[in-house]
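Read off the chains here:
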Amino acid sequence: MSLLDIRGLTLSTGGQTLVSDVSFSIAPGERLGLIGESGSGKSLTALATIGLLPRGFRVQGSIKLDGHEVVGASESAMIALRGATAATVFQEPLTALNPLMKVGKQVAEPVVRRHRRAGETVDRAAVAREVHSLLERVSLPDIDRIVKSYPYEISGGQRQRVAIAMALACRPKLLIADEPTTALDVTTQVEILDLLSGLVREDDMALLFISHDLPVVARVTENVVVLRRGEVIERGQVHAVFDEPKHEYTRSLVDAATAFDKALGPAR
Amino acid sequence: MSGQVETATMPNRRGSLTLTVGLVLVGLHVAVALLTLMWTPYDPTGMSGGRLEAPSLAHWAGTDRLGRDLFTQIMIGSRIALIVGFGAVAIAATIGVTLGVLSAFATRYLDDILAAAFDILIAFPTLLLAMLVVAATESASLFSATLALGIAISAIVARLTRILAKRILSMDYITAARTAGASWPSIVFRHLLPNIWPMLAVNFALQFGLAVIAEASLSYLGLGAPPPNASWGRLLQEAQGTVYTAPFGAIAPGIALVTLVIGMNLLADGLRDAGDPTRRGRQ
Ligand SMILES: Nc1ncnc2c1ncn2[C@@H]1O[C@H](COP(=O)(O)OP(=O)(O)OP(=O)(O)O)[C@@H](O)[C@H]1O
Ligand SMILES: [Mg+2]
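Keeping their order, the protein sequence lines are chains A and B. Residues 1 to 268 in UniProt numbering are what the first sequence lists, from first letter to last. Residues 1 to 283 in UniProt numbering are what the second sequence lists, from first letter to last.
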């Protein structure tokens with residue numbers, strides 16, 4: 001059974017259809033890339049998956065997340081479903097963390113929540129140890145300093161690592177990464193991508209990876225869905241799509257990416 | 001929002017100075033207000049000197065046209081002003097923040113209705129609204145004036161809260177927390193309120209000043225605190241007729257009003273800076 005199964009998803013607002021008839025599914029542990037130019041509906045699709053669309057959107061079709069229907073689900077049902085199933089990492093490291101909360105406290109929050117849900121008693125020392133080991137897993141240096149820092153006191157790349165650690169803290173079955181590296185410089189990008197794909201494999205998480213860069217997607221996922229103006233125009237194994245794009249639009253994405261790909265170096 | 005990082009040490013020193021001056025000014029008024037509960041230099045209602053005396057050692061702020069000591073009345077005015085200011089802001093904050101947050105979380109339909117309601121209420125002059133509320137209560141009292149101003153100001157607070165909350169709620173860390181299954185009380189109390197609090201606090205200080213001034217106007221209209229609870233507004237009004245012959249009758253309550261309002265604004269600025277890690281100095 002698929003972990004995520006989207007069938008005929010159509011999203012509209014104010015008489016405009018922004019995503020139309022999108023279908024794809026993700027098996028447990030599968031890594032899927034969602035690619036397309038800016039404004040093609042990638043983020044909306046991702047938000048719909050976890051039932052967090054902005055207000056005023058009409059949703060048609062079906063989204064099954066871990067066997068539960070998301071479309072039309074109540075907020076309380078979604079809160080329970082989300083925590084156990086999905087976690088997100090976003091594009092903008094500046095807004096990814098609460099600016100007024102120290103990093104350690106922020107990472108502790110999902111840890112505590114997970115333990116509470118499981119009905120376990122939460123003791124502070126254990127939480128602190130888990131926070132420490134999560135930050136170790138995302139290869140942050142100088143962790144003792146970082147847990148006591150505010151988000152503005154650490155770099156953009158480090159913030160993004162913290163955001164990933166927070167997502168890991170949920171032990172999600174599905175990780176949704178919406179252009180998690182776009183705001184970073186190329187070297188940091190590569191580091192974060194490799195970190196992400198390593199972690200996803202270690203924890204056997206499924207990954208929905210959103211990007212407008214084909215090479216970036218190729219580095220972390222095996223399958224890809226190409227979106228254009230809210231419609232799926234091509235899908236398949238990432239290297240097949242990369243090597244032999246069938247659609248004119250995909251080809252233009254590949255061409256645009258070739259130069260950039262060189263800078264990224266060989267995929268892992 | 002302002003810049004993320006301030007590296008210079010100047011703003012920090014300035015920040016703590018702001019806080020100190022604010023604390024001193026407001027603290028002075030609070031101390032005086034508490035003192036009047038036990039002791040005043042003269043009986044506020046009894047004649048203690050000649051009429052319209054100029055300031056002297058015996059009467060620091062002179063006397064009014066009935067020969068009552070003005071300094072005593074100004075001291076009592078501190079108490080009235082603090083009760084009205086804090087009371088009105090507390091009422092406005094409770095109602096306004098609750099409705100504003102509710103509106104930001106609500107469905108689009110409910111949000112539209114609430115937003116329109118805030119706008120309509122704000123379109124009414126605060127004073128007019130307060131007069132309507134006072135008129136609806138049995139008799140004019142300190143309590144009804146405070147309640148009236150609190151309700152009138154709550155619409156302003158609600159609208160500001162709604163706008164600030166919507167901006168914070170669209171941030172990625174909120175979406176990430178919600179994806180990770182955070183419940184809405186946890187979002188509101190751990191992420192939303194701390195992040196909008198600095199802006200709200202500054203607005204509360206502003207509203208505090210406006211409430212104190214509005215109470216003075218209500219008093220003039222006979223809708224504020226009844227005598228002998230002399231508010232600064234009533235003193236100002238009484239001094240109006242004799243402002244040329246005895247200007248100090250207007251100047252002294254004016255100074256009291258201004259120091260409290262400025263002190264409260266400085267205090268709010270200082271507290272905001274102290275609560276914002278990007279502004280706060282590191283050792
Ligand atoms: N709240 C909203 N109300 C109305 N339209 C919206 C809203 N959010 C997004 N859109 C529109 O939906 C379309 C798809 O947006 P989406 O954010 O999914 O794009 P995207 O593929 O993620 O692009 P990017 O790569 O720039 O992030 C865009 O045309 C956008 O203007
Ligand atoms: Mg997007």
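Hints listed in this document are in silico derivations from the structure and should not be mistaken for laboratory results. Mixed in with the good hints, there may be bad ones.
What the hints assert, rightly or not - Here are the computed lysine-lysine pairs in the DSBU-like style, where the Cα-Cα straight-line distance is at most 30 Å:
id, chain 1, residue 1, chain 2, residue 2
1, A, Lys102, A, Lys148
2, A, Lys148, A, Lys105
3, B, Lys166, A, Lys105
4, B, Lys166, A, Lys148
5, A, Lys148, A, Lys64
6, A, Lys173, A, Lys102
7, A, Lys173, A, Lys105
8, B, Lys166, A, Lys102
9, B, Lys166, A, Lys246
Stated by the list, open to error - Which stretches of chain B does chain A cover? Using the computed rule of at least three CB atoms under 8 Å from a CB of chain A, they are:
id, stretch
10, 92–99
11, 103–111
12, 133–146
Heads up, the beta-carbon is just placed ideally off N, CA and C, and yes, glycines get one too.
Going down the list of hints, with the structure as the test:
{"no.": "1", "hint": "Lys102/A x Lys148/A", "result": "6 Å, holds"}
{"no.": "2", "hint": "Lys148/A x Lys105/A", "result": "8 Å, holds"}
{"no.": "3", "hint": "Lys166/B x Lys105/A", "result": "24 Å, holds"}
{"no.": "4", "hint": "Lys166/B x Lys148/A", "result": "28 Å, holds"}
{"no.": "5", "hint": "Lys148/A x Lys64/A", "result": "39 Å, violated"}
{"no.": "6", "hint": "Lys173/A x Lys102/A", "result": "27 Å, holds"}
{"no.": "7", "hint": "Lys173/A x Lys105/A", "result": "24 Å, holds"}
{"no.": "8", "hint": "Lys166/B x Lys102/A", "result": "23 Å, holds"}
{"no.": "9", "hint": "Lys166/B x Lys246/A", "result": "43 Å, violated"}
{"no.": "10", "hint": "92–99", "result": "violated (count 0)"}
{"no.": "11", "hint": "103–111", "result": "holds (count 3)"}
{"no.": "12", "hint": "133–146", "result": "violated (count 0)"}
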